[in-house]
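S.K.: Using the sequences and the hints given, assemble the complete structure.
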Amino acid sequence: MTALLIAIGVICAINVVLTLLLLLAEATIANYGSCTVTVNGEKRLTVEGGRSLLASLKQEQIFIPSACGGRGSCGLCKVVVLDGAGPLLPTELPWLSPEEQRTQVRLACQVKVKRDLQIRIPEELLSVRQYRTVVSGLVDLTHDIKQVTLKLIEPQEITFTAGQYIQFEVPPYALTDEPVYRAYSVSSSSAQKDSVELEIRYVPNGICTTYVHQHLKVGDTVVINGPYGEFRLSDTDREMICIAGGSGMAPIKSILLDMERVRNPRKCRYFFGARARRDLFLLDEMRKLEQTLPDFRFIPSLSRPEEGDAWEGERGLVTEVVSRHVDDASHAEAYLCGSPLMIDACVKILREKGMLEEHIFYDKFS
Amino acid sequence: MESLGFFAIFFSAVFTNNILLTNYLGMCSFLGCSRELKTSFGLGAAVIFVMAATSVLNWLVYTYVLVPLNLDYLRFIVFIVVIAAFTQLVEMIIERVSEALYLSLGLFLPLIAVNCAILGASLFMVIRQYTFWQTFGYGLGAGVGWGLAILAMAGIRQRLAQRSRVPAGLEGPGIALIIAGTMALAFMGFNGMVSLN
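Protein chains in written order, with the working numbering: chain A, 2 to 367; chain B, 21 to 217.
The set of hints was computed from the structure by calculation and includes no laboratory data. Worth double-checking, as some hints may not be accurate.
[To be verified] A short, non-exhaustive set of chain B residues, derived as facing chain A with CB atoms under 8 Å:
1) A105
2) M112
3) M213
[To be verified] Calculated lysine to aspartate or glutamate pairs in the EDC-like style (CA-CA distance at most 16 Å, straight line):
4) A:K113 <-> B:E119
5) A:K354 <-> A:D329
6) A:K194 <-> A:E155
7) A:K79 <-> A:E100
8) A:K354 <-> A:E315
9) A:K115 <-> B:E119
A virtual CB, placed ideally from N, CA and C, is assigned to each residue, including glycine.
M.R.: Listed below in structure tokens is the structure:
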């Protein structure tokens, strides 16, 4: 018995001594005092040194898009650090092109604030806010896609441009020990300011999608931040070709709803690729848009219809369908949203049809 | 074991009983960070330093705390905790003191904290009942041996990447393991010089 107590005592003593030592080191050696971060040459923030730039900015309510929660594995949190960041780290190199390295782009999650910093971020990120919301609707659109409606509580209104996305904060639960963030396009109209709708497709073992599909209930609180992204309707009157698959529906739907509101007369063809009948959704809404929009057609296609799918419409991969319907794309522009594979295939086919690279806009899921 | 002096142990730890090539310890970082000479040099240097320091630290803890209290069965957990705390502490100090040193060496410390070769060195020191100086010689030697092996490996792999066509199925860890095996065979040539066992 005493032997056991001694063993426990010794283990505890060793651990306590080492912990104290580390705490002491953290308070002295790793204490960098307060540092000033100057944003875009005007806004000055005073932050506690020693943490990552990403975390320090977040504390000051400046949200840089990041999906991995600061582990350097998504490469999204790029900011320009003009002064004070020290040399490039090996952990940043894989994410930065030679051009970006030359222009002092860094990953905010890897740069530690150890002295005063000068940084530059896109002006629009300064308008990114964190919103506390409550789930007001959960609808199964298909067997694996849920429409999530989030009513904004604080702040009560959001201003965004159709096509932009927000980040959904997943709190710690069975699949994650720390909060993680996942980006989802807003599928509701930008005129609807007091709530946002998202379309979230279930991915087996996906941290956020599992949370949404198996744990989230109406009435739950959800924290989001945004809006982000450059994907939006251009200000021209070129013919539009929209191509989406699965939950890629979301940003296109938002754009279409905005077009409906102003009765935008542009010619628009929307190709939507699904595997089988059970993967199609929002058909009624799209038919309604065909009535209300001056020149809009929705063209869904099935690549692998199941037996019993009484299907009169298009068949084949969405790229094949686009290829059949579009002869000359040189005067059109395209809006694509879906998996990287789908996007790459679509870009290829549109280029073959004569579309200019700068007229192809896309939002790649990854 | 009293007979072997500091240098004898040091050299046998580097060559005849190379911890990586005869015991195959510390394999994961050996395979993961041996693509480039520069990276492996930093990692090797960090391992030398940490291995020498932690085996001595663990010797002190073992001899003056665990043995007198009859608690040597706790050595695994205690050694791991000491190693983890030590590497973290050193990382913080290096980061504060010198950015250049941090970039070349400090970055690897978190990787090393869970390197089994480091724990292995401390455990061999117990099994072989080393004295203080023998432990220091062994820790330093094992570190240098590990560093030497990864440098050699990185050199080979760098050349391999430039000059030869590795069959697709063997790329990466596959060919690295074959190279490691060949290197181990080569190191067997040192056998008989000094033996630790």
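S.K.: With reference to the structure, classify each hint as holding or not holding.
M.R.: Each hint tested on the structure:
Interface hint at A105 (chain B): satisfied, since its Cβ lies 4 Å from the closest Cβ of chain A, which is below the 8 Å cut-off. Of the supplied interface hints, the one on M112 (chain B) holds, with its beta-carbon coming within about 5 Å of a beta-carbon of chain A, less than 8 Å. For M213 (chain B), the interface hint is violated, since its Cβ never comes within 8 Å of a Cβ in chain A; the closest pair sits about 38 Å apart. Our distance criterion of 16 Å between C-alpha atoms is met by K113 (chain A) and E119 (chain B), whose separation comes to about 12 Å.
Using a Cα cut-off of 16 Å, the hinted pair K354 (chain A) and D329 (chain A) holds, with the two alpha carbons roughly 5 Å apart. Proposed proximity of K194 (chain A) and E155 (chain A) is supported: the alpha carbons are some 12 Å apart, at most 16 Å. A distance of roughly 13 Å separates the Cα atoms of K79 (chain A) and E100 (chain A); the hinted pair therefore holds under the 16 Å criterion. For the hint linking K354 (chain A) to E315 (chain A), the alpha-carbon distance of about 20 Å lies beyond 16 Å, and the restraint is violated.
Distance check on the hinted pair: K115 (chain A) and E119 (chain B) sit about 11 Å apart at the alpha-carbon level, within 16 Å; holds.
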